[in-house]
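Engineer: The lines below spell out each chain.
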Amino acid sequence: MRTAELRNYERELHQFQLRIAIAGVVVLAAFGLLAARFFFLQVVQHEHYASKAEDNRISIVPLAPNRGLIVDRNGVVLTRNYSGYTLEIFPRRVASIERTIDEVAELIEIQPRDRAKFRKLLAESRNAESLPIRTRLNDEEVAKFAANRYRFGGAVEIKARLFRQYPFDDVASHVIGYMGRINQEDQARLEEEGVDANYRGTDFIGKSGIEASYQHELHGTTGFEQVEIDAAGRGIRTLSRTPSRPGNNIGLTLDLRLQQVAENAFGERRVAAVALEPSTGAVLAFVSKPGFDPNQFVDGIDPHYWSELNTSLDRPLYNRAIAGVYPPGSTFKPFMALAALELGKRTPRSTINDPGYFVFGDRRFRDSKPGGHGVVDLFKSIVVSSDTYYYMLANDMGIDAIAGYMKHFGFGARTGIDLQGEVTGVLPSPEWKMKRFRRPEQQKWYPGETISIGIGQGYNSYTPIQLAQAVSSIANGCTVYRPRLVAYVDNPRTGERRHFEPEIVRRLPAKPENVEFVKRAMAGVNKEGTGARAFAGAQYTSGGKTGTAQVIAIKQNEKYDESKVSERHRDHSWFIVFAPVESPKIALAVLVENGGFGARTAAPIARTMLDYYLLGKLPEGMSLPTPEDEVEEERESD
Amino acid sequence: MELARVPLRRIAWRLFEGIDSTLLMIILSLSMLGLAALFSASYDNPARLINQLASLAVALTAMWIVAQVPPQTMMRFALPAYVIGLALLIAVALAGDVVNGARRWLHVGVTRFQPSEMMKLALPLMLAWYFHRNESSLRLGHFAVAGFLLAVPTALILRQPDLGTAALVGASGFFVIFFAGIGWKVIGALVALGAAAMPLAWGFLHDYQRRRVLTLLDPTQDPLGSGYHIIQSTIAVGSGGISGKGWLNGTQAHLEFIPERHTDFIFAVYSEEFGLIGNGVLLTLYALLVARGLMIAANAPTIFARLLAASVTLMFFTYAFVNMGMVSGILPVVGVPLPFLSYGGTALLTLFIGAGILMSVQRHRQLVQT
Chain G
1 MRTAELRNYE RELHQFQLRI AIAGVVVLAA FGLLAARFFF LQVVQHEHYA
51 SKAEDNRISI VPLAPNRGLI VDRNGVVLTR NYSGYTLEIF PRRVASIERT
101 IDEVAELIEI QPRDRAKFRK LLAESRNAES LPIRTRLNDE EVAKFAANRY
151 RFGGAVEIKA RLFRQYPFDD VASHVIGYMG RINQEDQARL EEEGVDANYR
201 GTDFIGKSGI EASYQHELHG TTGFEQVEID AAGRGIRTLS RTPSRPGNNI
251 GLTLDLRLQQ VAENAFGERR VAAVALEPST GAVLAFVSKP GFDPNQFVDG
301 IDPHYWSELN TSLDRPLYNR AIAGVYPPGS TFKPFMALAA LELGKRTPRS
351 TINDPGYFVF GDRRFRDSKP GGHGVVDLFK SIVVSSDTYY YMLANDMGID
401 AIAGYMKHFG FGARTGIDLQ GEVTGVLPSP EWKMKRFRRP EQQKWYPGET
451 ISIGIGQGYN SYTPIQLAQA VSSIANGCTV YRPRLVAYVD NPRTGERRHF
501 EPEIVRRLPA KPENVEFVKR AMAGVNKEGT GARAFAGAQY TSGGKTGTAQ
551 VIAIKQNEKY DESKVSERHR DHSWFIVFAP VESPKIALAV LVENGGFGAR
601 TAAPIARTML DYYLLGKLPE GMSLPTPEDE VEEERESD
Chain R
1 MELARVPLRR IAWRLFEGID STLLMIILSL SMLGLAALFS ASYDNPARLI
51 NQLASLAVAL TAMWIVAQVP PQTMMRFALP AYVIGLALLI AVALAGDVVN
101 GARRWLHVGV TRFQPSEMMK LALPLMLAWY FHRNESSLRL GHFAVAGFLL
151 AVPTALILRQ PDLGTAALVG ASGFFVIFFA GIGWKVIGAL VALGAAAMPL
201 AWGFLHDYQR RRVLTLLDPT QDPLGSGYHI IQSTIAVGSG GISGKGWLNG
251 TQAHLEFIPE RHTDFIFAVY SEEFGLIGNG VLLTLYALLV ARGLMIAANA
301 PTIFARLLAA SVTLMFFTYA FVNMGMVSGI LPVVGVPLPF LSYGGTALLT
351 LFIGAGILMS VQRHRQLVQT
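Protein chains in written order, with my numbering: chain G, 1 to 638; chain R, 1 to 370.
In isolation and in its complexed conformation, chain R is listed as follows:
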């Protein structure tokens, strides 16, 4: 007995050695809230909950594995991951499957796969590695190259078209460049250029994307068409009130007034049933997640680790902000899931790998110090 217990404990200790418990608690709390909301939204299809639990198990395993990999090893994957991701994006553009009018999917054996999802991590990895390599001699030229590395995959995803993912990929790359220390003047110039290019960009938008933007400005213009999502989700959120209608009691969700209630609009289900208090809990958890991530980034020993950790952290934030903003009607409808809550294995995997990266950075902060 005595003998048996000691190795068990040691094994458990070894297992959790690389895991940041604070981060894990936050992520698991978010996942639990997500399962609760998903249970409510899946009254018509309980199999979804099982699927989500299976995805969670896979994602947790992936997170654990990534947490064991030291950042130096990750650096080695940066360039190959980026190149493969880019190649796959090009392959999608040439021979992808069209679903709902967008060419996003690539057939891999029996399953389909979205290369753009992979780019969400591959791009910051690549950029962080690039800045790390040129640490001692950073010049404006390097930022220009970084901008180019960012623009190519973003443009490819935008062309699919997938505005939400393009925004997330672009943002993840931008965060790296920002934390790498790009000058404020350059940022100011870019912002000015962007503003000037807005009318031009409008011309490049697809009709449905323009409609979404117009709908945001006045959802009542087309209440049964493009405005329907926003109107119904806003009603769900607003009718939740302070304390919510109670778990499983959301009428908007249960009577199918909320479209895509398992995935991108799961926040409407959550908010209707748990109200302002529930929203406060959720915002607090996300704020803690971001705070923990930024803390890890601030304490990271290398440029690579810092940039990667900070970028991943702000990606979590971007997901959360864009999704909740869209559901509550202050941002246009784009396909961005609510991190750790929305149904869907791919998104969960990306997010947990991101968390694994943060844990790896946190665990290996001592080892590289010289």
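If we strip away everything but chain G, and leave its shape as in the complex, we get:
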């Protein structure tokens, strides 16, 4: 019995020790598994996890550069930067944007238009981290929000941003342009150009004018800050910092005071005017009215103002000087005259008899003066603006010769001015017609169509800047310059200034005496011809040409509006001029839409501009407006 018990005890002990051994093996196996896991994580995949830990820890914060300034030829500042506080919502951190805005509205005044703006921004923005619900917060609002900031858990924050400000409001708005938020389209373009990395901290981009065409000069170089962050995304310390480099400042050739005189003289009309320096092609004034107030675009445009700009019959966003095309009317005649002399179709002495009409086949082309101008030579044809003379001339020259010579002036081609959105216009020719139309009977050029080309009507359609370039080329003798708005680019860090040299496009194939003849004839216009009344008593010599362009029909994309139609059916009024005749300092093309006779509306405005530019004389009752200082906390940026 005792032996059995003992044996039983031993068997049990043996069994127990066996199980202890088994447990030991299991423990070793389990620890082996852990060791293998540690080896895998810490040796095999170490690199992977190390970089993940770094990504966790380090956040790259872009430092947006200060945008360059734009100044006129006399150093007048046209754009400024000011720093303002904005209240921004982080859309990805909130559950309901509307509810968040409601909560914000309990603290800070939020207008319905702020909400509308915000919705528009949200719809258009490229994956933005944060978007402003309010801009230009005052100190009291900043303090009020700061005290309640914790309630939003990081979904709403105050940010200090630099905003663009335009002290002259809508003056020269089509030159300066406006800024807007970078939208998906802009983003795609930046990526295509491979510069998107430099725009990582940037929210706004130039949308038109110099702001757009010199965007990359103005923008500067984005800096970067490596910040160590904790799990909540709070910055702990800065690890390294590459400061941003401010954008370049741009000096325009534009004379802001001349610009103001011109814009003031035009009043509320729909107009375009381009003044060039004949010896360089520098743009002295560039008017397209109506314009817009670029300040309205700065912090997200109010949808009402936006729709107003887009639906207005006057089309304020449309840059008439480079994108508007108009028949040049009689302003075409001096160029026709030079062509006739150069091609030997006329001599200064040859004359015609102008009965007041020209008959071609069974069609009668009427002169604007019933009864005609009698005996007309080339000189008189310009001074009195004889239509009959140029009907005949066009018929004698033929369309190919006309088109062949006119293209030297740059008609029907982009001038290459440093703005976006320039169009070519149409220099009519059989080749153009072939391309333009599809039906064979339309594609054919009829000789009868050549006749009205001679007086700047028919298919002729050019931009005001082309006319300005052409008159400038006559004024300077025979050199066609590329018109340009920018004189120099300043690097604010190095102080280095890069000048843009005048760029000659081509020289007119014209003998100096022929050019001189045309200039004399144009001087005759202002002395005794159609421009004489507008230039009576001028203290300088000038050569001009009036023009009146027929408006055939209202454009398709404009709404039919009974009350305005008759006004909009009136002729466009043109005037081209250069002065002084001996050594021209300025060449100018002025267009007044539906202004009637060129001599009556366009010429007096041209006179006002020349009086100011050449004599410093301001129109009666006008004082030059100064920049409006509506932003109190504005700060000059360097």
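Just so you know, these hints were derived from the structure itself, not from any lab. Please note: incorrect hints may appear among the correct ones.
For the chain G half of the interface with chain R, some residues (derived, Cβ under 8 Å), not all of them [said to hold, decoys possible]:
1. 14
2. 16
3. 23
4. 25
5. 29
6. 31
7. 39
8. 41
9. 42
10. 45
11. 351
Here are the simulated lysine to any residue pairs, SDA-like style, with alpha carbons at most 25 Å apart [said to hold, decoys possible]:
12. G/52 to R/331
13. R/185 to G/15
14. G/52 to R/214
15. G/52 to R/249
16. R/185 to G/18
17. G/120 to G/99
18. G/52 to R/144
19. G/207 to G/422
20. G/52 to R/256
21. G/527 to G/517
22. G/52 to R/260
23. G/527 to G/540
24. G/433 to G/325
25. G/52 to R/263
26. R/185 to G/13
27. G/120 to G/73
28. R/185 to R/249
29. G/120 to G/312
30. R/185 to G/99
31. R/185 to G/12
32. G/207 to G/227
33. R/185 to G/19
34. R/185 to G/22
35. G/511 to G/492
36. R/185 to G/189
37. G/52 to R/228
Note that CB positions come from ideal geometry on N, CA and C, so glycine has one too.
The hints should help you fit chain R onto chain G, whose structure is shown.
Structural biologist: Chain R only, in chain G's frame:
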């Protein structure tokens, strides 16, 4: 002088008489590593270190006291401890405090107390005593009763819900049954039954528990939600590399990417700063701890002492394995602390009492031999 020194030495000798120095060295080494990791994890709240030191002092005292108690005396506590523990668990189920959606706490005067923690020792004590009492006539029926004694508290804890503690309590009970000699066939049958019941068990799991299991399979499914713990702790471990980022230099820990970095996830802090080498040291210490415990169990004179010692030893192992497995992403996230390292007085007390039991068994192995 001479006279004074002798009693002092004798007192010191008497004090350490019941203490197994090997076990003590291992446990103290682990505690030191724990304090180092805790210091690093508590840069924002140094008071935690003081708290932990106080807890360590209390736990060491408890260990010393338990080491003085012979196993025969412990046997007398087995049934009362189990019954009281069970009663308290029922009380919790009826009137416990709810914290974080789980009913685990019971108010006792000014402090709160988790009865489930007590069950971690009370259950093996009870089972070891039960098998000891029926030593001479062990039959399958006894194992069935033991299974029942195990299932009741485990089910109560599972209902709180507290998956981690339930697993530990269940495991501690199972170890006793295993070492008591339950047949392999029965184990095989149980495993088969368990596997068959898996889909059924899935239905009983709470949503958050299911999410944890799914998260383990693919943590990237919900990187900011339930996957966050695993992803961030795995990054911490992996980025530690071979030699670690150095003490106090763990970026994952110091920038608060590791949740619960003082308690259940302290291993992530440790592993990030001490790397594979540090992990090797830790695994070695745990292996030595288990080896020493199993040795003590193997040499224990009575069934009770053997079963209790073996069960406590394997409980240490289970704690360590489940915790490190969870932090390194091979086990689901359950609330199991890293033994002797994690911050928290209750867990430390349980663990040191467990160590005290091992020491008591080791010290009293001669006394009962007949």
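Engineer: Could you run down the list of hints and mark each one as holding or not?
Structural biologist: Hints, verified against the model:
For residue 14 of chain G, the interface hint is violated, since its Cβ never comes within 8 Å of a Cβ in chain R; the closest pair sits about 11 Å apart. Hint status for residue 16 of chain G: holds, given a least beta-carbon distance of 6 Å to chain R, under 8 Å. Because the smallest distance between the Cβ of residue 23 of chain G and any Cβ of chain R comes to about 6 Å, under 8 Å, the interface hint for this residue holds. Below 8 Å, beta-carbon pairs count as interface contacts, and residue 25 of chain G has none with chain R, the closest being about 11 Å; its hint is therefore violated.
Residue-level restraint check for residue 29 of chain G is violated (minimum Cβ-Cβ distance to chain R is 10 Å; threshold 8 Å). For the restraint placing residue 31 of chain G at the interface with chain R, the shortest Cβ-Cβ distance is roughly 5 Å, inside the 8 Å limit, so the hint holds. Using the Cβ-Cβ criterion of 8 Å, the hint placing residue 39 of chain G at the interface with chain R is satisfied: the shortest such distance is roughly 7 Å. Taking 8 Å as the C-beta contact cut-off toward chain R, the hint placing residue 41 of chain G at the interface holds, the least distance being around 4 Å.
Given the 8 Å rule on beta carbons, the hint for residue 42 of chain G holds: about 4 Å separates it from the nearest Cβ of chain R. Given hint, residue 45 of chain G at the interface with chain R, holds; its Cβ is 5 Å from that chain's nearest Cβ, closer than 8 Å. Contact between residue 351 of chain G and chain R, as hinted, is not supported at the beta carbon level, the nearest pair being about 91 Å apart and thus beyond 8 Å. Between the alpha carbons of residue 52 of chain G and residue 331 of chain R the distance comes to roughly 22 Å, so the proposed pair stays at or under 25 Å and holds.
Distance check on the hinted pair: residue 185 of chain R and residue 15 of chain G sit about 15 Å apart at the alpha-carbon level, within 25 Å; holds. Distance restraint check for residue 52 of chain G and residue 214 of chain R: the Cα-Cα separation of roughly 23 Å lies within the 25 Å cut-off, and the hinted pair is therefore satisfied. Between residue 52 of chain G and residue 249 of chain R the CA atoms are separated by roughly 16 Å; this keeps the pair inside 25 Å, and the hint holds. For the suggested pair residue 185 of chain R and residue 18 of chain G, the alpha carbons sit about 16 Å apart, so the restraint of at most 25 Å is met.
Annotation: proposed proximity of residue 120 of chain G to residue 99 of chain G holds, straight-line Cα distance about 17 Å (limit 25 Å). At roughly 51 Å between alpha-carbon atoms, residue 52 of chain G and residue 144 of chain R are farther apart than 25 Å, so this suggested pair is violated. Between residue 207 of chain G and residue 422 of chain G, the direct Cα distance comes to roughly 15 Å. Compliance with the 25 Å bound is thereby established for this hinted pair. The hinted pair formed by residue 52 of chain G and residue 256 of chain R meets the criterion: a straight-line CA distance of about 15 Å does not exceed 25 Å.
Of the supplied pair hints, the one linking residue 527 of chain G and residue 517 of chain G holds, its CA atoms being roughly 15 Å apart against a limit of 25 Å. A distance of roughly 20 Å separates the Cα atoms of residue 52 of chain G and residue 260 of chain R; the hinted pair therefore holds under the 25 Å criterion. Among the hinted pairs, residue 527 of chain G with residue 540 of chain G is consistent with the structure: their alpha-carbon atoms are about 11 Å apart, no more than 25 Å. For the proposed pair residue 433 of chain G and residue 325 of chain G, the alpha carbon gap of about 17 Å is at most 25 Å, so the pair holds.
Restraint check: the Cα-Cα separation between residue 52 of chain G and residue 263 of chain R comes to about 24 Å, which is no more than 25 Å; the hinted pair holds. Restraint check for residue 185 of chain R and residue 13 of chain G: the C-alpha separation of about 20 Å stays at or below 25 Å, so the hint holds. A distance of roughly 37 Å separates the Cα atoms of residue 120 of chain G and residue 73 of chain G; the hinted pair therefore is violated under the 25 Å criterion. A hinted pair counts as satisfied when its Cα atoms are at most 25 Å apart, and residue 185 of chain R with residue 249 of chain R does not qualify at roughly 52 Å.
Between the alpha carbons of residue 120 of chain G and residue 312 of chain G the distance comes to roughly 20 Å, so the proposed pair stays at or under 25 Å and holds. A hinted pair counts as satisfied when its Cα atoms are at most 25 Å apart, and residue 185 of chain R with residue 99 of chain G does not qualify at roughly 64 Å. For the suggested pair residue 185 of chain R and residue 12 of chain G, the alpha carbons sit about 18 Å apart, so the restraint of at most 25 Å is met. Between residue 207 of chain G and residue 227 of chain G, the direct Cα distance comes to roughly 32 Å. Violation of the 25 Å bound is thereby established for this hinted pair.
Proposed proximity of residue 185 of chain R and residue 19 of chain G is supported: the alpha carbons are some 15 Å apart, at most 25 Å. Restraint check: the Cα-Cα separation between residue 185 of chain R and residue 22 of chain G comes to about 16 Å, which is no more than 25 Å; the hinted pair holds. Between residue 511 of chain G and residue 492 of chain G, the direct Cα distance comes to roughly 46 Å. Violation of the 25 Å bound is thereby established for this hinted pair. Between the alpha carbons of residue 185 of chain R and residue 189 of chain G the distance comes to roughly 73 Å, so the proposed pair goes past 25 Å and is violated.
Among the hinted pairs, residue 52 of chain G with residue 228 of chain R is consistent with the structure: their alpha-carbon atoms are about 13 Å apart, no more than 25 Å.
Comparing the model with each earlier hint shows violations of hints 1, 4, 5, 11, 18, 27, 28, 30, 32, 35 and 36; every other hint is respected.
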